[in-house]
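K.L.:
Sequence:
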Amino acid sequence: MKHHIALSIAIVCGVLFVGCTKTERADPPVVATDQISFEEQFLAMLPILDEDHVLHVNYSNDQATGESTPVFHFVPVGHGITAGGNRQIVCKGSGLSFANCCKDWLEEHPGRCLKVWSSGDTYFADDNC
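The number in my numbering is simply the position in the sequence shown, starting from 1, with 1 added.
Derived from the structure by calculation, the hints contain no laboratory data.
Just so you know, not all the hints are guaranteed correct.
Cβ-Cβ distance ranges computed for the label pairs, FRET-style [claimed, not checked]:
(1) Gly112 - Asp51: 27 to 33 Å
(2) His110 - Glu41: 20 to 26 Å
(3) Gln42 - Thr83: 23 to 29 Å
(4) Pro111 - Val78: 26 to 32 Å
(5) Val76 - Gly112: 15 to 21 Å
(6) Gly81 - Gln36: 31 to 37 Å
(7) Asp63 - Lys93: 28 to 34 Å
(8) Lys93 - Gly67: 20 to 26 Å
(9) Gly79 - Gln36: 21 to 27 Å
(10) Gln64 - Glu109: 29 to 35 Å
(11) Gln64 - Arg113: 14 to 20 Å
All residues carry an ideal CB built from backbone N, CA and C; glycine is no exception.
Could you put together the complete structure from these sequences and hints?
P.N.:
This is how it looks when you write it as structure tokens:
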């Protein structure tokens, strides 16, 4: 009986130490957050755009925490709201590069808003909102 216990302990210890070296390091655990980035939120909104709507994008500042939160509004075209216009386009493109351009512009111009619309597979943004 003692022989079986000693053999069992030896097998367990052998299994535990096989493949371990001092040079290996454990990767830090990935911590899930419930915060979704501006780019992820923005890219989720773009496919919803159609010729009957524009998207107004700005940041709302929480006075208590000081954190900025992106705010997205779909606005129907009409009654003075147009896709395009005579304003200078500040961002043009698609995908992540377009989302980054809009985010950078909004961060450089606090308190301002972007109007986003699409034409085909290309998105445009100006500050006329």
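K.L.:
So which hints don't hold here, by number, going up?
P.N.:
The structure conflicts with hints 8, 9 and 10, although it agrees with all the remaining ones.
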